[in-house]
Amino acid sequence: MSEQKTTILTDAEPLPGASQQSDRPSALKRFLGGSAGRNLGLVIALLVLIIIGTVTAGDRFADINNVLTIIRYASIVGVISIGMTFVITTGGIDLSVGSVMGLATVVASLSAVQLASAQFSWLLMIVIALLVGAAAGFVNGMIIAYGRVVAFMATLAMLVGARGLAELISGRRTQIVANNEFLDIVRANVLGVPVLIWIFAVVAIAGWFLLNRTTFGRRTVAIGGNAEASRLAGINVKRHLVYVYTLSGLTAGIAAVMMLGRTTAGTSTHGTLVELDVIAAVVVGGTLLSGGRGTIVGTVLGVLIFATLINVFTQNNLDTSVQAIAKGLIIVVAVLLQQRFATRGPSSGRK
Amino acid sequence: MIDDDHALLLDVRGMTKSFAGVHALKGVDLTVRAGEVHCVLGQNGAGKSTLIKTLSGVHQPDGGEILWQGQPVTISDPQSALDLGIATMYQELDVVDGLTIAENIFLGHELSRAGVLRVGDANRRTRELLTRLGHGDIPPSTEVGRLSAATKQIVSMARALSRDAKLIIMDEPSAVLDSGEVENLFRVIRELTSSGIAVVYISHRLEEIRQIGDRISVIKDGRSTASGLAVSETPTRDLIRLMTGRDVENVFPDAVPVPSNAPILLEVSYLNLRGSFSDVNFTVRAGEVVGLAGLVGSGRSEILETIYGARKATSGTVAVQGRTLASGSVRAAVAAGMGFSPEERKSQGLILDEPIFKNVTLSTFARFARGGVLNERAERNAAREQIAALELRPDDPDRPARTLSGGNQQKILLARWLVHGTRVLLLDEPTRGVDVGARAEIYALIRRLAAEGTAIVVVSSEIEEVLGLADRVLVIGDGDVLATRNAGDIDESDVLDLVMKGSAA
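Protein chains in written order, with the working numbering: chain H, 1 to 351; chain Y, 1 to 505.
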């Protein structure tokens, strides 16, 4: 292919001072609509929650251990939210993450129990959990991309199916993880910070890099922005969707490992309704449900906002029902604000 | 023969309409008399759709007057258009598939008593309306989703009659019909007009207008170029001139003769796509521009998309520089050095909310990356080079593609394939939605790329554009290559003759 053509064309005379079009939004609106502005809004929301927490619960809330509790609580949902951010950025949805996580805890803990006498390595248990998650995601992706099933339905089927499979395999019994080596590592602190939080941090940073700095991330955004244009530009859209759903399943697998460590048990009820918390965090964070725009920083902030909210309520001994109402309100307000500041206008076509 | 004896129904004077600074209508006149079929003719983007939508209350005109039966009126929404007696049949028929025929016809003005639907009455009146349209045999309780496009049109017309429409606007009704169905449609239209209903018939098929039209108005670039000409007294040649009306020589750059020893870059052999086209054969040499001319629905776009691998050929091969491509694989085509600019630029070509540079490098960003890590600085620089070379405006690579004009969006697509180093470029409607001034620029770019050794295939619904750009022209009709000629040996009326003969055969 001739690179030469590009160079010939640059010999053309330079542009006469091209005029800026006047339809630019005001600087303030552009800032608020830009990613920095959106994240700033989330930071402010988080600060408000922190102030409310400090005022109402004082020392109990502002205590370093409480802060770590908040983030530790957030980390499992957080890891799945990173995978979900990719899925939603493509314009898809993955409803199955909660039950896939449950299934992964069951399969991994069961293998551990069955092979305990044979010097079962805890590393193998982790690998099994990750494989179960990734495999479920792969199946989702194949059905969505090649079977052309709407993501909502395909992953809803997986939600139901994986939960059922987990119940069948476990016989609805809870498997206790007795491997002390594993528990010691997952429940340890490194530099004073729990390993669960480290895992969340590493996954979030890796996710940010993957989405913003790699060809994988570019394809993800491009497909969500316009799948047909991406296909006609030569991007293998179907294969990429399989990768993205596999990634989402993989994060559910990572979350399963964290769950096994935190609760020391594998059970088919792990992760029930987690998908809703995850989707709420991602959307509140600023990732568009319609696809084409995703933000890992926003997702992390969204996760922290919900975790802090729950903590504030718990510290004040408020009913969980009130918590749920507050969560609902936050989701609605966040989405309303997003639409207000969204830079994308109605399609400006002539017809 | 329609003359002044027929009551003047609709009189539109100097209508203007602009969207976000783009003038879609710059002064359109239209007079419609009761009982006539008034054809409105214009190229894509001339403003026909905007005119219809203004008359049906979807858009509000910025200026001009609408007189309805002699009285000035404002059509503020679709309901007030219906109240006046103006009904519109859109190309994408606005019937609800899940409802029955009767339910569709009375949608929005359901027959009811105390909130309870009078299903029997609705069915009976539906049967009357269908009978009036010559389709009394269709049961009113049939679900519309199970009907053919032609029958859906009948339903749409029955709905217009149920509203006591005096004027029915039909937006390219024949586009979705086969020739037998078109005959039937014309029969129904004649029945309507004989009872005094006026029909505004939008089309760009000249032969249909000859068959059904009484009078004709022509719009070009948002302006009336003719209003109320008698169809029988206006030669086709005049209509085409009124429709396109440009000075051909000034717009199209001179073609550079292609040396006969120039290498063949694209070879299409016995390419077939069932239901679309059959046995398409042609070659394109380096530096050559080949045009596909034909009417909408002739299979021209499908041929281009199949060559590119966006559709999987039923049989036949496509070879680039002698190497046969895997059928139905866009990736294989792109890897072999093929580029494609699709017909629907916004929905098929661009990611509108992404910046210019990411749109330019959509096919090549992986090439700038190292180990999967993007190099946006290199991408921006490559985009900047093309922005300068193609005089793309605005010249800021970070501006979202959405904010650009049609011509500049087209340049993004050209830039994309230039960065890729494309040797074979397929262009489907490269100037659709591009204003006249920017068209000349696009034409010059296409010729320049050819002069640099690119093999180019152009499809356009504007025959003049194909003839002006191409070195060689393939005339397509009903999925067949009817003729292959050098561009200099054929003119627009030859093409139309060939197409009409081809479709008659």
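Since the hints were made in silico from the structure, they are not lab data.
Wrong hints could be hidden among the right ones.
Stated by the list, open to error - Result set (DSSO-like, lysine-lysine): computed pairs, CA atoms no more than 27 angstroms apart in a straight line:
id, chain 1, residue 1, chain 2, residue 2
1, Y, Lys53, Y, Lys346
2, Y, Lys53, Y, Lys152
3, Y, Lys26, Y, Lys346
4, Y, Lys312, Y, Lys346
5, H, Lys238, Y, Lys26
6, H, Lys238, Y, Lys312
Unchecked claim - The calculated label-pair distances, taken between Cβ atoms and stated as ranges, are:
id, chain 1, residue 1, chain 2, residue 2, range
7, Y, Glu110, H, Ile44, 46 to 52 angstroms
8, H, Val48, Y, Leu67, 47 to 53 angstroms
9, H, Val332, Y, Ala319, 56 to 62 angstroms
10, H, Lys238, Y, Asp238, 50 to 56 angstroms
11, Y, Gly371, H, Asp63, 41 to 47 angstroms
12, Y, Glu65, H, Val332, 32 to 38 angstroms
13, Y, Ala114, H, Ala324, 53 to 59 angstroms
14, Y, Val176, H, Ala324, 49 to 55 angstroms
15, H, Trp198, Y, Gly371, 23 to 29 angstroms
16, H, Ile44, Y, Glu452, 51 to 57 angstroms
17, Y, Ser141, H, Tyr146, 47 to 53 angstroms
By construction, the Cβ of each residue, glycine as well, lies at the ideal position given by its N, Cα and C atoms.
Results for each hint:
no., hint, in the structure
1, Lys53/Y with Lys346/Y, "holds, 21 angstroms"
2, Lys53/Y with Lys152/Y, "holds, 20 angstroms"
3, Lys26/Y with Lys346/Y, "holds, 24 angstroms"
4, Lys312/Y with Lys346/Y, "holds, 23 angstroms"
5, Lys238/H with Lys26/Y, "violated, 45 angstroms"
6, Lys238/H with Lys312/Y, "holds, 16 angstroms"
7, Glu110/Y with Ile44/H: 46 to 52 angstroms, "holds, 50 angstroms"
8, Val48/H with Leu67/Y: 47 to 53 angstroms, "violated, 60 angstroms"
9, Val332/H with Ala319/Y: 56 to 62 angstroms, "holds, 57 angstroms"
10, Lys238/H with Asp238/Y: 50 to 56 angstroms, "holds, 51 angstroms"
11, Gly371/Y with Asp63/H: 41 to 47 angstroms, "holds, 44 angstroms"
12, Glu65/Y with Val332/H: 32 to 38 angstroms, "violated, 46 angstroms"
13, Ala114/Y with Ala324/H: 53 to 59 angstroms, "violated, 42 angstroms"
14, Val176/Y with Ala324/H: 49 to 55 angstroms, "holds, 50 angstroms"
15, Trp198/H with Gly371/Y: 23 to 29 angstroms, "holds, 25 angstroms"
16, Ile44/H with Glu452/Y: 51 to 57 angstroms, "holds, 54 angstroms"
17, Ser141/Y with Tyr146/H: 47 to 53 angstroms, "violated, 39 angstroms"
Figure legend: structure checked against the earlier numbered hints; hints not met, in rising order: 5, 8, 12, 13, 17.
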